[in-house]
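A.B. asks: Chain by chain, the residues run as shown.
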Amino acid sequence: MRVLLSWLREFAPDIGGDPAALSDVLSALGLTVEDMTVTGSLPDGVVLARVLDLRPHPDADRIQLVEADDGSGSTLQVCCGAFNMAVGDLVPLARVGTVMPSGLEIARRKMRGQPSEGMCCSEAELELGGDAEGIMILNDRVADGAAPGLPLAEALGLAPDVLWDLEVGANRPDALSVMGVARDLAAGLGVAFEPPDWSTAASGAHITESAAVEIVDPTLCGRFVGRVLRNAPQGASPPWLAHRLTALGMRPINAVVDISNYVMLELGQPSHTFDLARVAGARIRVRRARDGEAIRTLDGAERTLAAGDGVIADGDDNVIGIAGVMGGASTEIDADTSEVLVEMAWWDPPSISRTAKRLNLSSEAATRFRRGADWGYNVERCMNRFVQLAAELGAEPADGVIDKRGDRPDRGPLRVRIARVNRLLGTGLSTQQMADHLRSIGFGADPAGEAALEVTIPTWRWDTETETDVAEEVARLHGYENIERTVPTGNEAGGLSGYQRDRRLVREVLVGAGCCETQPMPFVAPGALAAVGLPEDGITLSNPVDDRESVLRTSLLPGQLAAVAYNQRHFSGDVRLFEIGHIYLPAPEDGLEPAGGRMSESGPLPDEREFLAVALSGEEAPAAVAVLDLLAEALALPAVELRQASPPGLHPTRSAEVVVAGRGRGTVGEVDHEVLEACGIAGRVAWLQIDLQEVLNGPRTRRRYRPVSKYPPSEVDLAFAVPEEVAAAQVERALRAAAGSLLARIELFDAYRGPGVAEGSRSLAYRLRFQAPDRTLTDADVAEIRQRCIDETSRRTSATLRS
Amino acid sequence: MRSSLARVLEGYEQAAAEAEERLAAAADIGAVADIERDLLGRRSRFTAAKRQLGDLDPGERAEAGRRLNAARQRVETSVAAARTRLTAAARADRHAAERLDLTERLPQAAPLRRGSFHPVTQARDRLEDVFIGMGYTVAEGPEVESAWYNFEALNIPEWHPARGSFDTIFVNLGEPEQVMLRSHTSPVQIRVMENRKPPIYIVAPGRTFRADTADATHLPAFNQIEGLAIDRNITMGDLAGTIDEFVRAFFGTEVKSRLRPSYFPFTEPSAEFDISRPDGSWLELGGCGMVHPNVLRNCGIDPEQWQGFAFGFGIDRLAVMRHEIDDIREFVNNDVRFLSQF
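Sequences listed follow chains H and R, in order. Start counting the first sequence at 102; every next residue gets the next number (this note's numbering). Start counting the second sequence at -12; every next residue gets the next number (this note's numbering).
To be clear, the hints were calculated from the coordinates, so they are not data collected in a lab. Each residue gets a CB set at the ideal place from its N, CA and C atoms; glycine is no exception. A couple of the hints might just be wrong.
Calculated lysine to aspartate or glutamate pairs in the EDC-like style (CA-CA distance at most 16 angstroms, straight line) [said to hold, decoys possible]:
#1 R:184 to H:593
#2 H:811 to H:875
#3 R:184 to R:145
#4 R:243 to H:585
#5 H:458 to R:218
#6 H:458 to R:164
#7 H:458 to R:154
#8 R:243 to H:582
#9 R:37 to R:0
Take a look, some chain R residues computed to stay more than 12 angstroms from chain H by CB distance [stated by the list, open to error]:
#10 23
#11 25
#12 43
Quick list of the computed label-pair ranges, beta carbon to beta carbon [what the hints assert, rightly or not]:
#13 H:816 to R:75: 45 to 55 angstroms
#14 H:463 to R:270: 27 to 37 angstroms
#15 R:324 to H:350: 43 to 53 angstroms
#16 R:241 to H:808: 33 to 43 angstroms
#17 H:897 to R:324: 50 to 60 angstroms
#18 R:237 to H:744: 28 to 38 angstroms
#19 R:232 to H:117: 32 to 42 angstroms
#20 H:252 to R:268: 33 to 43 angstroms
#21 H:804 to R:75: 44 to 54 angstroms
Turn these sequences into a full structure, and let the hints steer you where they fit.
C.D. replies: Rendered as structure tokens:
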């Protein structure tokens, strides 16, 4: 909402002082100043001057010499680059010493040998308009008798003014008007606020002879005030009115529309005008629409209405306007209009809000009505103001007023407890102080016993209903910055949950392993899931910002591969990336409570989970397994196993399911080469993805102390020929079982395929370290364990010892 | 003439019949291509036979054309089948050749290059740590929410003008506009209040969504942190003091804060809070206020017994300010040249 200082002063003449200080007061009241501009001020030294003579410059084509009378008594010579003036013209002249709005200081100087004692100015140079082409010619723009030497601002009747652009919250419909802002500002400054009133003598036939209004649905329309104007003004508005509309950001259109807008900006009440002759039966019926009724609105659009929309119908019950949102084209006034019916109404905010939203039709009127216009005296005040402005332009108001009532908000006196307000705000305000604050902005406040106020909420505060709402008004007027700052005295211990601590640990481990954390957006393009070998079953968005971001991911794979491809395209070579982020799995369609999904009032929400993914480009599957091992160790995961599997999108012979404590929790391996080709990735990508939520919330190994042995260990190397279909893990399990509690460490140190090992088998070489807590192992001890390991491994896995 | 065509036709049909065997024996895609060229290419016997069709009587031409086309279709089908077979075989061969036993865990050479934490994660962790020091725990919740959690419980009924200002991204689940990507992390506050008795001191960081076109300062997916304190006697003075303490802890003791009245449906009184800049001007950081009694009631908390404050602001912007990042899209591009700077 924009306001002008001069306009505010018409409601509170004592508003004044430094504009910047006023801005601070407005912001502190919650009318946040987004922008402030000082208008209508001109630099000292710019005066009216008359052109006495024009001569060519002897040595320059593009400059002429102007002889001017600036009222100082002597004639000045000015060099000027413009040629649009004639002898006798009145022009603005900046005297030597003037500092122009651009910061330029006018000096006495010579141009090509000719002295110049000042500057003739264009509109743009004075910031009075956009015209930079020629010098301003003021002959018709100043009052008769204005003499050279008169300061230009005075000659043009310009007064310095301040324009503010304010941000107004949706709870302040009243502050979408000059009057409402003035009321707050006056209260903030402690000066008087007195809205003017307007009335005009009426004449001629009584309105009831020409028009009638019926409120069919009282829940829609709280009040409908109508008047009839004859000889409505035609043509443009007077300049002062157009100037103010322009300053506040509205385009002048014609006198009647401009008056309507002027009253709305000034007093907050939108109005509508009908060409009465075009209203069938000269009768207005206010009702709800029937499904499918149609109307062509003022903007030329054909609109279809739905049951519940508020409408204005005529005597034939045809819709001629959408209540509070936009009028209809059929009754629009034009040059032939003889009688205008002016509507000032109060509409039910939720009704207007629903209609405006459904039709996606926002208007200045709808904005005010959906936030709640004033349902009190202001409706009449605005009608008076409208009629008065129209009458000034020659309209003849018909006698009488139509005033129909529907259901208006019922805001009985509200009991406000002083202690409750102080307890909420942390203040120690007295009953009197609170009452004063509230009265300063038009609330009624009467003491009700020792400890409470009986508060009457003004009719321009539709959003204000409760004790807490009133507390906000008290806080606003008291000043948020005057509330003493304290901190809660509660004695709560802060901290991360175990899950959150572990998640940070996961990040630290991965960063330590050389991975960069990525955060792709969680949406993918249609087909992106299928492109990486996954089912194309992602949940879709109804109104995606971009069609390429219209499906919710069901895996972190598309985002990570996109990141790998992006980095390859940008010559960063191979990268190690990770991500912790949500995936959204479709909930079952039967409407039953999904396993991991959640029910909402409208049906199941997705099964949403936090996943971890690691992508290592240019690396093979074992690299991803090594990362998994790091995590398993850092998180003390129990029994992490790899189960043979060919997960979608992954390399079928280089991938496995990650099993933690017996439950499948993710996948590890390499991305399938066809998927990589589809993503434009060269080389291999090692991949790990786990359901972080399940893993971190699942069981952990308790790290229990084992005494460190003081005795020397013995090491044994064993190499087995193992058929390819036997996993190394099986061999290791057999070795562990055989070695028993004396096994201190086991390590696979070589895997070999080739000559010397039968086709279809490979050699796996293990180093086993044995150690006892209480003695040095003898050769016999070691030999016995060694043999047990060989026997057990051969028996359980069909591996054979290589000699 | 006729007999020559008959010969050509028969020859071609014979060749087509033999092609199946040749294709079945083909060892690679190249061999298939050779056979295809031989039988269907520009200089193939098919082309030659087709050219001769024009010399026939119209009566014979139809019959000969039909036979020729039938033979061609047979060849085409066989070629396609051979291709599919060989592609699948190549794929299977490759997979077989590349088979790895992932449980063969040989020691890996450890990379001695450190990775990096995403700048948004770093900002989020720092914020969490400051609030943890002030006695808060960290709460989280889903990113896809119902209208109840995202709007209604927060005192934003379906007709409320504030709904439009959120630019919500809706999800095709359930009734229209009933399931959405959360537009703030306030739903987490509701979930916590529904599930726990006060006193409650939480911060809720996380991803939020608005239908904003991505540009240098906007992303449709971004991050917020919100705070909530509910206790017996939490005041607006406590809110101002908490904001102040946070600002000093996070930005430095020389930075000041101020509250300005504002409007949010879920708080009353509501405020926006600003922080001071070195040049004396103010920078708007976020919104806050005393939790609206309707919100407490919606969560089963008696507003006569309990009261409190909530606040919220963007995380991404803090990372942008800290590192002087000029294009927020870098946060989701995942370019290692960007990521490894932090």
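A.B. asks: All hints are to be evaluated individually against the structure, with a verdict given for each.
C.D. replies: Hint check results:
no.: 1; hint: R:184 to H:593; result: 13 angstroms, holds
no.: 2; hint: H:811 to H:875; result: 8 angstroms, holds
no.: 3; hint: R:184 to R:145; result: 28 angstroms, violated
no.: 4; hint: R:243 to H:585; result: 15 angstroms, holds
no.: 5; hint: H:458 to R:218; result: 38 angstroms, violated
no.: 6; hint: H:458 to R:164; result: 13 angstroms, holds
no.: 7; hint: H:458 to R:154; result: 13 angstroms, holds
no.: 8; hint: R:243 to H:582; result: 12 angstroms, holds
no.: 9; hint: R:37 to R:0; result: 13 angstroms, holds
no.: 10; hint: 23; result: 23 angstroms, holds
no.: 11; hint: 25; result: 30 angstroms, holds
no.: 12; hint: 43; result: 48 angstroms, holds
no.: 13; hint: H:816 to R:75: 45 to 55 angstroms; result: 48 angstroms, holds
no.: 14; hint: H:463 to R:270: 27 to 37 angstroms; result: 30 angstroms, holds
no.: 15; hint: R:324 to H:350: 43 to 53 angstroms; result: 45 angstroms, holds
no.: 16; hint: R:241 to H:808: 33 to 43 angstroms; result: 54 angstroms, violated
no.: 17; hint: H:897 to R:324: 50 to 60 angstroms; result: 51 angstroms, holds
no.: 18; hint: R:237 to H:744: 28 to 38 angstroms; result: 46 angstroms, violated
no.: 19; hint: R:232 to H:117: 32 to 42 angstroms; result: 38 angstroms, holds
no.: 20; hint: H:252 to R:268: 33 to 43 angstroms; result: 34 angstroms, holds
no.: 21; hint: H:804 to R:75: 44 to 54 angstroms; result: 49 angstroms, holds
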